[in-house]
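Enquirer: Each chain, written out:
Number of protein chains: 2
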Amino acid sequence: MKEELNRLHKQLEFIHEIDKLKYILRKTKLFNSDRPENDVEHSWHLAMIAMVLSEHVNHPVDLLKVMKMLLIHDVVEIDAGDVFFFDKTQSHDNRPEEYAAAKRIFGLLPQDQAQELESLWIEFEECKTNDAKFAKAIDCLEPMLQNRSNKGGTWMEYDVSYQDVLDSKLIMKEISTPLWEYTKELLQKSVDEGILRK
Amino acid sequence: MKEELNRLHKQLEFIHEIDKLKYILRKTKLFNSDRPENDVEHSWHLAMIAMVLSEHVNHPVDLLKVMKMLLIHDVVEIDAGDVFFFDKTQSHDNRPEEYAAAKRIFGLLPQDQAQELESLWIEFEECKTNDAKFAKAIDCLEPMLQNRSNKGGTWMEYDVSYQDVLDSKLIMKEISTPLWEYTKELLQKSVDEGILRK
Numbered sequence: 003m004k005e006e007l008n009r010l011h012k013q014l015e016f017i018h019e020i021d022k023l024k025y026i027l028r029k030t031k032l033f034n035s036d037r038p039e040n041d042v043e044h045s046w047h048l049a050m051i052a053m054v055l056s057e058h059v060n061h062p063v064d065l066l067k068v069m070k071m072l073l074i075h076d077v078v079e080i081d082a083g084d085v086f087f088f089d090k091t092q093s094h095d096n097r098p099e100e101y102a103a104a105k106r107i108f109g110l111l112p113q114d115q116a117q118e119l120e121s122l123w124i125e126f127e128e129c130k131t132n133d134a135k136f137a138k139a140i141d142c143l144e145p146m147l148q149n150r151s152n153k154g155g156t157w158m159e160y161d162v163s164y165q166d167v168l169d170s171k172l173i174m175k176e177i178s179t180p181l182w183e184y185t186k187e188l189l190q191k192s193v194d195e196g197i198l199r200k
Numbered sequence: 003m004k005e006e007l008n009r010l011h012k013q014l015e016f017i018h019e020i021d022k023l024k025y026i027l028r029k030t031k032l033f034n035s036d037r038p039e040n041d042v043e044h045s046w047h048l049a050m051i052a053m054v055l056s057e058h059v060n061h062p063v064d065l066l067k068v069m070k071m072l073l074i075h076d077v078v079e080i081d082a083g084d085v086f087f088f089d090k091t092q093s094h095d096n097r098p099e100e101y102a103a104a105k106r107i108f109g110l111l112p113q114d115q116a117q118e119l120e121s122l123w124i125e126f127e128e129c130k131t132n133d134a135k136f137a138k139a140i141d142c143l144e145p146m147l148q149n150r151s152n153k154g155g156t157w158m159e160y161d162v163s164y165q166d167v168l169d170s171k172l173i174m175k176e177i178s179t180p181l182w183e184y185t186k187e188l189l190q191k192s193v194d195e196g197i198l199r200k
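Chains as they are written, first to last, in my numbering: chain L, 3 to 200; chain R, 3 to 200.
Calculated from the structure, these hints are not laboratory results. Watch out, some of these pointers could steer you wrong.
Note: identical chains are not told apart, hence a pair may lie in one copy or across any two.
Straight-line alpha carbon distances no greater than 27 Å define the calculated BS3-like cross-link-like pairs of lysine-lysine that follow [to be verified]:
#, residue 1, residue 2
1, 12, 67
2, 186, 4
3, 67, 4
4, 105, 200
5, 200, 130
6, 191, 12
7, 22, 130
8, 22, 138
9, 4, 31
10, 171, 12
11, 191, 105
12, 130, 31
13, 12, 130
14, 153, 105
15, 138, 67
16, 191, 171
17, 4, 130
18, 22, 200
19, 171, 31
20, 12, 153
21, 153, 67
22, 105, 186
23, 200, 67
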């Protein structure tokens with residue numbers, strides 16, 4: 003029991019720490035709203051999306067693993083902050099502060115769990131496996147749906163072009179034919195309605 | 003492809019609808035904060051807690067199922083609202099408006115998925131299986147941790163007694179010996195520090 007309680011105390015420290023993710027705001031807004039979404043709301047929504055859309059993948063995925071990835075994928079932003087996808091002044095790949103954050107935050111857990119979550123986070127970032135590709139596709143889908151429901155949202159606010167948005171969604175093409183068909187249709191409609199510039 | 007896109011459109015309608023859960027506020031506050039937690043933040047945190055604490059259960063559980071339950075368990079509150087646990091003026095069991103909400107909201111999905119999520123939600127509510135009991139125990143744990151970090155939080159605000167809180171946590175005893183040991187210790191410390199009345 004002593005060892006179990008020792009592990010439990012470390013796990014509870016992690017549970018307490020990740021509360022801070024509720025304060026990290028994204029650029030995208032809630033559906034039909036001006037209120038920015040926070041990282042926790044975003045992560046919950048992605049896990050829900052994975053849960054209901056997993057039937058559409060072209061190759062089988064491990065849903066539990068995908069959901070874990072999506073729930074934890076932004077935890078590093080507690081230390082490293084959110085970088086807007088279309089902000090070209092900042093690097094998006096393998097930022098050292100994100101790796102340091104993963105070490106510190108997942109490192110609050112017992113070692114075996116710290117390693118598991120850090121590996122899952124790296125797998126998501128590297129985006130080479132089918133599980134990670136599906137997770138990334140879901141991460142691309144939500145802001146597109148939000149911008150569509152918010153009259154262009156961050157596309158209009160940051161003057162992002164149709165081609166830039168389409169290029170950022172190419173992962174969909176690889177992972178899911180129906181999601182890719184839907185994406186092309188949604189972006190074309192957005193151009194037709196004047197909420198995304200060609 | 004037509005049938006797949008037909009299913010996808012229904013699923014996306016559900017994904018859009020559940021955004022409303024981000025506006026449903028709970029009585030409990032974030033850790034070390036005066037800001038109320040919303041249902042989505044609560045649900046994300048519970049799924050994260052299940053992920054890191056599942057080793058402590060007395061009987062094996064299906065973690066994917068538990069995480070699904072926790073992510074969806076409050077979706078009905080979009081229509082039915084949040085009822086504070088210690089509010090004794092309102093019924094907490096099988097409220098008809100919650101069942102109607104489950105029918106309406108999960109019913110946006112294709113029929114097979116609507117049935118799956120409605121069944122999961124009912125299993126959670128009935129709390130008879132090990133999966134549901136573990137999920138309920140996690141649902142009991144988070145507000146206790148929040149109140150402890152918020153100098154008594156809703157215990158103080160609503161003048162809840164040690165015995166009432168302890169009684170509300172009995173599910174822990176059944177599902178996890180380490181969590182029950184920790185719960186008793188935390189509540190006793192809270193009494194000793196004057197943030198929970200005996």
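Enquirer: With reference to the structure, classify each hint as holding or not holding.
Expert: Each hint, compared with the structure:
Taking the shortest Cα distances, residue 12 and residue 67 sit within 27 Å of each other both inside one copy (22 Å) and across copies (25 Å). Within a single copy, residue 186 and residue 4 get their C-alpha atoms only as close as 56 Å, which misses the 27 Å cut-off; across copies the closest is 15 Å, which meets it. In the homo-oligomer, the alpha carbons of residue 67 and residue 4 never lie at most 27 Å apart, since the shortest distance is 30 Å inside one protomer and 29 Å across protomers. In the homo-oligomer, the alpha carbons of residue 105 and residue 200 never lie at most 27 Å apart, since the shortest distance is 42 Å inside one protomer and 41 Å across protomers.
Within a single copy, residue 200 and residue 130 get their C-alpha atoms no closer than 30 Å, and across copies no closer than 55 Å, so neither meets the 27 Å cut-off. In the homo-oligomer, the alpha carbons of residue 191 and residue 12 lie at most 27 Å apart only across protomers (18 Å), although the nearest pairing inside one protomer, at 50 Å, exceeds that limit. In this assembly of identical chains, residue 22 and residue 130 lie within 27 Å of each other by CA distance neither inside one copy nor across copies; the values are 29 Å within and 34 Å between. Proximity of residue 22 to residue 138 under the C-alpha cut-off of 27 Å is found in both arrangements, the shortest distances being 23 Å within a copy and 24 Å between copies.
Within a single copy, residue 4 and residue 31 get their C-alpha atoms no closer than 46 Å, and across copies no closer than 31 Å, so neither meets the 27 Å cut-off. In this assembly of identical chains, residue 171 and residue 12 lie within 27 Å of each other by CA distance solely across copies; the values are 21 Å between and 38 Å within a copy. For the homomeric pair residue 191 and residue 105, neither the shortest alpha-carbon distance inside one copy (43 Å) nor that between copies (32 Å) is at most 27 Å. Taking identical chains as interchangeable, the C-alpha atoms of residue 130 and residue 31 are never at most 27 Å apart, the minima being 29 Å within one chain and 39 Å between chains.
Proximity of residue 12 and residue 130 under a CA criterion of 27 Å is satisfied in neither setting, with 31 Å inside one chain copy and 30 Å between copies. In this assembly of identical chains, residue 153 and residue 105 lie within 27 Å of each other by CA distance neither inside one copy nor across copies; the values are 39 Å within and 30 Å between. In this assembly of identical chains, the alpha carbons of residue 138 and residue 67 lie at most 27 Å apart whether taken from the same copy (13 Å) or from different copies (22 Å). Taking identical chains as interchangeable, the C-alpha atoms of residue 191 and residue 171 lie at most 27 Å apart only when both belong to the same chain, with a minimum of 16 Å there against 52 Å between chains.
Taking the closest pair of Cα atoms, residue 4 and residue 130 never come within 27 Å of each other, the shortest separation being 40 Å inside a single copy and 29 Å across copies. Within a single copy, residue 22 and residue 200 get their C-alpha atoms no closer than 38 Å, and across copies no closer than 31 Å, so neither meets the 27 Å cut-off. In this assembly of identical chains, residue 171 and residue 31 lie within 27 Å of each other by CA distance solely inside one copy; the values are 19 Å within and 37 Å between copies. Taking CA atoms no more than 27 Å apart as the test, residue 12 paired with residue 153 passes between copies only; the shortest distance there is 21 Å, against 45 Å inside one copy.
In this assembly of identical chains, the alpha carbons of residue 153 and residue 67 never lie at most 27 Å apart, being 34 Å within a copy and 36 Å across copies at closest. In this assembly of identical chains, residue 105 and residue 186 lie within 27 Å of each other by CA distance neither inside one copy nor across copies; the values are 38 Å within and 32 Å between. In the homo-oligomer, the alpha carbons of residue 200 and residue 67 never lie at most 27 Å apart, since the shortest distance is 37 Å inside one protomer and 43 Å across protomers.
Of the hints listed earlier, those the structure fails to meet are numbers 3, 4, 5, 7, 9, 11, 12, 13, 14, 17, 18, 21, 22 and 23, in rising order.
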